[in-house]
Amino acid sequence: DAGVIQSPRHEVTEMGQEVTLRCKPISGHNSLFWYRQTMMRGLELLIYFNNNVPIDDSGMPEDRFSAKMPNASFSTLKIQPSEPRDSAVYFCASSNREKSYEQYFGPGTRLTVT
Amino acid sequence: ELKVEQNPLFLSMQEGKNYTIYCNYSTTSDRLYWYRQDPGKSLESLFVLLSNGAVKQEGRLMASLDTKARLSTLHITAAVHDLSATYFCAVDSLYETGANNLFFGTGTRLTVIP
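Top to bottom, those sequences are chains A and B. Using the numbering used here, you'd call the opening residue of the first sequence number 1 and step up by one each time. Using the numbering used here, you'd call the opening residue of the second sequence number 115 and step up by one each time.
Be a bit skeptical, because a hint or two may be false.
As the list claims (entries may be wrong) - Using 25 Å as the maximum straight-line C-alpha spacing, the simulated DSS-like pairs for lysine-lysine come out as follows: (1) 24(A) / 155(B); (2) 170(B) / 182(B); (3) 131(B) / 99(A); (4) 24(A) / 68(A); (5) 155(B) / 78(A); (6) 117(B) / 170(B); (7) 170(B) / 131(B); (8) 155(B) / 170(B); (9) 182(B) / 99(A); (10) 78(A) / 68(A); (11) 99(A) / 24(A); (12) 78(A) / 24(A).
None of these hints come from the bench; they were simulated from the model.
Bound-form chain B, shown alone (with noise of 0.2 Å):
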């Protein structure tokens, strides 16, 4: 069965400082999938990473593809309040099942702390 695993699970942080949240998955993918979520509202897409060593940036968010270790991470850089949201990895299981379903993360919430 796919398993997509975050850590940390909860990420309390102050304002200014940097940290890396982690997606690990388990089934051969080279396309992962980043999304946020606001308390009360949807899911929006982030990031589409489309193969191994993909990086991509967003102001103070930027996310990388390691398709061989099965890793991606979501680096924050000098977070502020305004990131204060759950993030969530997912992956799709194509070359698996052949399903183009998105398997989703359990979500890291994150708070910047003033």
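Next comes chain A alone, as it looks inside the complex (with noise of 0.2 Å):
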């Protein structure tokens, strides 16, 4: 079975760009998790959806940040404006919530903002 697909998997841009990363969950997965991780902050969750229903996004940073889960399997955070502080790796995980809380994470992306 195919994992947790994040794209794209490195990416950089200057400031002031939109980003848009994505994510694939794993099928029959019916939660989906966004992280970041810097070295400052360690892992940081941002949001979190179940059954493409936003739960929590009190990680969310700013309003400069948003999430959309328009189906079970895709999901995307778009930042914009971009700025340097949001460089950083974003990770998106999923789970089955009904079978158990382990969540199953993607590669990652990381972000580099110049």
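Mind assembling these two chains? They're in different frames, but the hints should get you there.
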């Protein structure tokens, strides 16, 4: 089975540009999580969805960040406008909460904003 | 607020030695998760502990859970260089909040020295 798929794997952009990160969860999983990881702040939960519905977005840093999950197999995290302090690795994870709360992580997107 | 604390944060150990990483958490939970992250890579699930007294072993790693003490341990036996990585523990807050997201510790960066 394919794991969680994220794209792009690397993104370099200039400050002020819009960035869109994409995630495809594991088929059959009904929960999806977006995390950000930096050396300074560690692993932070940004937002998560259950059955495509956002449940908790309290970790989203600012209005510049938005996330959507239009269907069970796709989610996006958008940053507009991007800033250098957004540089981080963004992970998407999914789980099947009827079976276990164990989360399966994607490979991550390394974002660099110059 | 739910807190998950790991110690030590950094661990440097010689090959062949034994050591234990500790994970303390503040919520009522009988489920705990251990993850491994290699440098520049994603998080990989190691163990899922689903009840008080649960013990799981994989190779040189053994994880245990004491829900009454709100403590999990990850024991390393006869360390080898391949175990060098960052190890995270995580708990869910189902009993307190009904939510299925995980709360991660800060991680323990393990370096095994030849």
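These are the hints, each one checked on the structure:
Restraint check for residue 24(A) and residue 155(B): the C-alpha separation of about 18 Å stays at or below 25 Å, so the hint holds. As the CA atoms of residue 170(B) and residue 182(B) are separated by approximately 18 Å, the hinted pair is consistent with the 25 Å bound. Taking the CA atoms of residue 131(B) and residue 99(A), the gap is about 37 Å. The hint is violated against a cut of 25 Å. Proposed proximity of residue 24(A) and residue 68(A) is supported: the alpha carbons are some 12 Å apart, at most 25 Å.
For the hint pairing residue 155(B) with residue 78(A), the CA-to-CA distance comes to about 22 Å; that is within 25 Å, so the pair holds. In summary, the hint linking residue 117(B) to residue 170(B) is supported, as the alpha carbons are separated by about 23 Å, within the 25 Å threshold. A C-alpha spacing of about 20 Å is found between residue 170(B) and residue 131(B), which places the hinted pair at or below 25 Å, so the restraint holds. Under the criterion of a C-alpha separation no larger than 25 Å, the hint pairing residue 155(B) with residue 170(B) is consistent with the structure, at around 24 Å.
Straight-line distance between C-alpha atoms of residue 182(B) and residue 99(A) comes to about 24 Å, which keeps the hinted pair within the 25 Å bound. Annotation: proposed proximity of residue 78(A) to residue 68(A) holds, straight-line Cα distance about 9 Å (limit 25 Å). Only pairs whose Cα atoms come within 25 Å are accepted, and residue 99(A) paired with residue 24(A) is accepted, the gap being roughly 19 Å. As the CA atoms of residue 78(A) and residue 24(A) are separated by approximately 15 Å, the hinted pair is consistent with the 25 Å bound.
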